[in-house]
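Take these sequences, add in the hints, and give me the full structure.
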Amino acid sequence: MYKHLRDILRDLCLTPAPSGFELEIVRKTAAYLQPHCETVEMDPVGNVVGKISGRDPSLRPVMVNAHLDRVGFIVSHIMEKGYLKLCNIGTPNEKVLPGLTLSVRKKDRSGWVEAVVGTKCAHLMTVEDAARAPKLADCMIDIGADCAQQVRELGVEVGSPAVYTPAFSCLTDTRVCGTALDNCGSVAALIDCARLLREERPERDVYLVGNVWEEYNQRATTIPVRRYDPVAVINMDMLLAGDTPDVEGRFDGAVGQGPMVSCFNFAGFAGCIAHDGLLRLTEEAAREADTGMQRYVCVGGLGDNAYAMLENDGPAVIEIGSPVRYAHSAREVADLRDIARQAVLVSGVVRRIGPDFRQGRFA
Numbered sequence: 001m002y003k004h005l006r007d008i009l010r011d012l013c014l015t016p017a018p019s020g021f022e023l024e025i026v027r028k029t030a031a032y033l034q035p036h037c038e039t040v041e042m043d044p045v046g047n048v049v050g051k052i053s054g055r056d057p058s059l060r061p062v063m064v065n066a067h068l069d070r071v072g073f074i075v076s077h078i079m080e081k082g083y084l085k086l087c088n089i090g091t092p093n094e095k096v097l098p099g100l101t102l103s104v105r106k107k108d109r110s111g112w113v114e115a116v117v118g119t120k121c122a123h124l125m126t127v128e129d130a131a132r133a134p135k136l137a138d139c140m141i142d143i144g145a146d147c148a149q150q151v152r153e154l155g156v157e158v159g160s161p162a163v164y165t166p167a168f169s170c171l172t173d174t175r176v177c178g179t180a181l182d183n184c185g186s187v188a189a190l191i192d193c194a195r196l197l198r199e200e201r202p203e204r205d206v207y208l209v210g211n212v213w214e215e216y217n218q219r220a221t222t223i224p225v226r227r228y229d230p231v232a233v234i235n236m237d238m239l240l241a242g243d244t245p246d247v248e249g250r251f252d253g254a255v256g257q258g259p260m261v262s263c264f265n266f267a268g269f270a271g272c273i274a275h276d277g278l279l280r281l282t283e284e285a286a287r288e289a290d291t292g293m294q295r296y297v298c299v300g301g302l303g304d305n306a307y308a309m310l311e312n313d314g315p316a317v318i319e320i321g322s323p324v325r326y327a328h329s330a331r332e333v334a335d336l337r338d339i340a341r342q343a344v345l346v347s348g349v350v351r352r353i354g355p356d357f358r359q360g361r362f363a
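FYI, in the numbering used here the residues of the sequence shown are 1 to 363.
In short, the hints are calculated from the structure, not lab data.
Honestly, I wouldn't trust all of these hints.
[Stated by the list, open to error] Derived CB-CB ranges, DEER-like: (1) Glu199 - Gln149: 52 to 58 Å; (2) Thr244 - Cys170: 17 to 23 Å; (3) Lys107 - Ala137: 21 to 27 Å; (4) Asn93 - Asp276: 49 to 55 Å; (5) Asp246 - Gln149: 40 to 46 Å; (6) Thr119 - His4: 38 to 44 Å.
For every residue, glycine included, the Cβ atom is placed at its ideal position computed from N, Cα and C.
Quick look at the structure:
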């Protein structure tokens with residue numbers, strides 16, 4: 001039943017796209033949107049934008065976005081003996097690194113080379129070594145070179161990006177495990193949302209945006225907001241599942257129980273509180289389509305909508321996602337049923353944003 005969605009998700013997860021270096025996944029997302037949109041283009045910062053015309057072009061449009069990028073690393077130094085030193089792009093989980101492989105992009109963009117993340121041999125560890133998790137600075141990034149010159153001959157240079165080596169597998173008929181399900185799951189839902197909106201057009205024009213930079217600075221969606229001046233923005237992002245033993249009881253949300261709606265998020269300097277009108281429309285759409293709707297509140301994370309809502313005259317914003325386990329680690333877990341229902345829910349909300357929609361938070 002979910003084969004087509006699973007195939008798209010696999011393709012996206014296996015496409016390396018660290019924040020700032022998203023060209024490959026931008027091109028793939030554009031190709032997936034093409035059959036469903038009247039136009040598909042890439043803006044100057046790299047966002048891919050598909051347009052579906054609504055029934056009344058005189059109304060201000062709606063924007064739906066999902067970020068294409070993933071956490072990663074960047075080469076900061078090449079050691080004389082051929083090892084690499086890396087810095088983070090975004091917030092990958094450094095604790096999972098020892099023993100993994102990374103994919104490092106060649107400076108000419110012709111391909112990716114594999115690197116082993118080595119740490120001190122267990123036989124030689126002191127008690128103090130064994131008691132602490134190695135940090136990125138402690139890891140030996142080994143691409144098989146004996147010297148800095150060989151590293152450069154392999155095509156790697158300071159400034160080359162790297163990611164967890166991409167992977168994807170099925171755990172059950174609907175439960176999947178992959179690299180960067182955050183946010184490939186929501187990109188797959190965005191593509192399916194385009195299909196659903198093309199089949200049953202909404203009142204307003206819709207701009208479907210696969211945006212860059214979320215893991216880096218979360219500002220890329222401000223560009224299409226300024227350009228298209230939407231009355232409302234729906235941000236699609238994978239949201240943290242609250243059903244694993246380490247976080248149980250901290251916040252709601254379980255994998256396999258339907259899409260999640262962020263009521264509130266905050267990360268020390270910015271965040272977003274869901275627009276009341278959009279939240280009511282989301283509840284209505286969830287009831288009508290029987291998608292389920294899990295409510296989500298998280299302090300410690302935020303999405304693109306935190307900045308999109310501050311552009312122009314302040315579009316109404318809400319974040320709708322699917323639960324994901326183990327975010328920003330090398331392997332994440334999600335459920336295809338949640339992602340499929342996320343697309344149904346978002347398209348249902350878009351269709352409800354009619355001419356009488358009130359943009360004001362207290363209108």
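Status of each hint after checking the structure:
In this structure the supplied range 52 to 58 Å holds for glutamate 199 paired with glutamine 149, their Cβ-Cβ distance being about 57 Å. A C-beta distance of roughly 20 Å is found between threonine 244 and cysteine 170, which places it inside the suggested range of 17 to 23 Å. Our hint of 21 to 27 Å for lysine 107 and alanine 137 holds, since their Cβ atoms are close to 23 Å apart. Here the CB-CB span from asparagine 93 to aspartate 276 is close to 35 Å, at odds with the stated 49 to 55 Å.
Judged by the Cβ atoms, the range 40 to 46 Å given for aspartate 246 and glutamine 149 holds: they are separated by roughly 45 Å. At roughly 41 Å, the beta-carbon separation of threonine 119 and histidine 4 lies within the given 38 to 44 Å, and the hint holds.
Hint 4 from the list above is the single one not met by this structure.
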